[in-house]
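Counting along the sequence shown from 1, when you hit position 80 you're at 80 in the working numbering, and nothing is skipped either side.
No lab work stands behind these hints, which were simulated from the structure alone. Check the hints yourself; a few may be wrong.
[Claimed, not checked] In silico DSSO-like cross-links for lysine-lysine, where the CA-CA straight-line distance does not exceed 30 Å:
1. K125 to K108
2. K929 to K891
3. K125 to K17
4. K724 to K792
5. K575 to K17
6. K902 to K891
7. K939 to K891
8. K902 to K939
9. K503 to K575
10. K902 to K17
11. K108 to K126
12. K929 to K939
13. K790 to K575
14. K198 to K126
15. K198 to K17
16. K724 to K781
17. K792 to K929
18. K891 to K792
19. K503 to K198
20. K902 to K503
21. K902 to K929
22. K198 to K125
23. K792 to K781
24. K869 to K902
25. K939 to K575
26. K869 to K781
[Said to hold, decoys possible] Have a look at the derived ranges for each label pair, beta carbon to beta carbon:
27. G643 to R510: 41 to 47 Å
28. G801 to R702: 29 to 35 Å
29. A911 to G709: 54 to 60 Å
Where is the CB? At the ideal position from N, CA and C, for every residue including glycine.
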Amino acid sequence: MAREWEAPDESVWGKSKGLDPGLPPYPLIRHLLDAAAMALHLWDAYLSENQRVRIAEGMGLAADPGRARTVVGLCAGLHDIGKLSGFQFCSSHGSQYLSAELRGDRAKMSAERFGHDVAGLQSVKKVLVDLGLAADGELRVAERLAEVIGGHHGRFHRAEDDVAPAFFGGAAWARQRAAHAAAVCESLGVPGVPGVFKAPAAVLVTGVVILADWLVSQEGYLRERQRRLEPVLADHFERSRKDAPRLLAEAGLTRVQLQRKGFAEVYGIRGEPNPLQRSVMDELRRAVGEGRHGGVFLVTAAPGDGKSETALEAERVLSQAFGTQGYAFLLPTMATSDQMHGRVAHALLRQSGEDAGLTLVHSMAWLNSAYADEDLDAQGVLTCDGDEVGQGSRRAEADMRPQRWLRGSKRPLLAQFSVGTIDQALMAVLPVRHNALRLLALSGKTFIVDEAHAYDPYMQVLLGRLLNWLGAYGVPVVLLSATLPASVSDRLIKEYLKGAGHKSRGLSSRTFPAPYPGWLYVDGESGRATAISPARQGEQARARAMELGVAVEPVVHGSGGGGRARLGVIERFLKPVCEGEGGTALVVCNTVGDAQDTYLRLRERFDMRSHDEGGSVQLLHARFPGDVREARTREVTEGLGRGGPRPMRRIVVATQVVEQSLDLDADIVISDLAPLSLLLQRAGRCWRHENHWARHGYPGGRGRPAWAGGPRLVVLDPIAGGGKVPEQWGEVYSEHLLATTSSTLAGIEGGTISIPGGVQHLVEAVHGDNEDFDWNSPGGKAAKAWTAHKGKEVAERSMAGLLAVPRARSISALHDLHDLPGEEDEWEVSTRLGADSVRLLCAYVQEDGRVTLDLEGEHLLPEAAPDGKLPVSSVRQVMRRTLAVRSDWLKGADPESVAPPKSWTEHPMLAELRVLHQLVLGGTAQAVKIGDRTLRLDKDLGLVRE
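Starting from the given sequences, assemble the full structure and let the hints guide the process.
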């Protein structure tokens, strides 16, 4: 750098679209300095201590983190160096300001078009060499920097991807690339490249570069800077550094230190922590010891044992020990995520976390009522491949609304606190755009996975791959489950340890048995396993000891069946609820159709009033429009929740939506046969709060009805007595698991399950890695079911292994993270296997031809402007009326008959909808025939398919 370089030519533009057309575009050198300044601030104020350590270690600069910081700034400062190319001629407005010397090469530079990210990948290595920043021994590291720069649009490219030499222009352009790079280096204090640059660290640095670029590319900020450029670049850089904290704060990314309060105050719980929670507060810090590379904390306990609060208490210890900030709390479904978001919002507010960034992270999160109070437009970010503009309960959740910027596409995980579906995290290990940004977002905070048993083999492999990367980054991980087989927890822990550097050979002979109930902590650095103390485990087991009565009732589905008719059996067990003292019951069905039929029969028998009319029979499933489902979930949770008021009589008919994370307590649970782990989850909604109420009083002072002498699970078993799996269940559950569950339940002594003592044994009996099988009747029904079950499991694991990115320590070139053909985005690679789904809007065609969102005809379908734009409030109104259905349900429909309005075809969200046009006659919506079935949206039943 001793050589004098010419000054950057500020006619070279960096940003043009969306800015003031009456002014010259924003100079490239200014944008590069903005990004470098923001990257330095992100290092100081956004990255966790854990992330800074991992990046510095990956550069061989553990003893010199300040130099690692400067290298990160260099990567951000050079991210758009590829714009010094034929890119300059892609905008007529931008190119008209180019100096005459640079315009002279226009014809040959414009002959072919290439992405400026690929151009940057190809050109930056030579620039670093020319500047004397990369000597012969550092060329490999320079190539890694080039990969980072080439990946700043979210996709890593092959180093051998060719760009036509003419695209880079002649000598004047080469001098300007060096001049721009020299100006950045001078502002940063002439950084040199490190001696090494390992792939996992480079992935995090890429995430920082993307984030820095986005923050300084916001339209409002660029317009502000465009109108008042400092005459001297040094002054410009200084102002950029001063602006960085404001931009970070406005984006909702400033870190907040919570005021740690007492257990009861934080979680709004009366009384003291239970023994499981107390053990975490008293023993986990000792178990962590002097570990420096994260660890896995596995909590195993029965439903209702307060695992969520246990996880958040563990997060306090783990974040302090390993230098993470905040947490990501991931769950299986959108419904469970919505519920947890409210609980976390309240917990943060009680710790003075009003200014903390809390986001709800799933595909429909912006429709949640927590985001309803303000304009939902996200702050626009000016990019070159399309603007990344996204759209985005009560008082506590409203106070915790994320900043507008965080609701944009792909950004919510960046907040200090995130609650959402596991899918959003698993995208980090699939070859999709911006997976590096997701890894950055997740590696800075404690990673909590609830209901870890709820994922199929495909998702388990993806989760294991993600834990491998988090192990490489030393991120503390918390896994929660009531029914996790030891074989699954073993695989997940070992994946984490492999990421942390442990060899497969050394792990092959090890197992990590977890006490039940209790916890196991496995240190990432040493592999040492520490369990809850026997004393605390015994206390927890005694505190939650319960004998669950299990009645297995052979049933026949459909008409006939006599005394074994399924609906008749349900009525018999529910009769006490509707007589005398009343009570509460939960009926869990395996399909929506069964739930609808069951609800209608129980209404007819016990209470003709509908759910909306305040009847004692309620219905909850996933085929209601979003706004209705959210309201019904709230009603059900309030009616059967811990705080009350407790209804005199209440029968809730539901599907699997109540299995996980919904805090419900019923006097009796009746369930269709399901795999045993799920039956235990459903049973966890029976007498869930009994111990708490026994100590602190029942809601309203009214205890259990006399007929409810103890917790009871009634299993409606169509297999018992020689029956078969009902046809309408299809492939909801493996026939092998159902048959094994049926035979296991038949063998339960005394008709009771000891909670928690008997849980893990039963889980292992049905779901464990037991390869033994009785082949005495080869080719029999059971053998075929076992073969089909194992074949599907192997196929799912293989599919996930093929799609997932390599393990963290197996990466050589960063392109390995995108080693699939095409331009993959989230919708092209799925985190779940199964039937594809579409979002369906059930609209109403009134007798006068108007198409409306409501049966009454008061709300017309909104029409988009010619450019496809709609007010966000209108988009939200439409999307909240949609629901997810299997795409093959619409296979027999004329595509035009279910197409959205033509004015929606350019809208990024509404264009993908399918519309069911229901004709209204005499105030009643008529069913729509599709193929050999009909569909109709019933106000009381939800979407009915007949």
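Violated constraints from the hint list, given by number and in increasing order: 5, 9, 13, 15, 17, 20, 26 and 28
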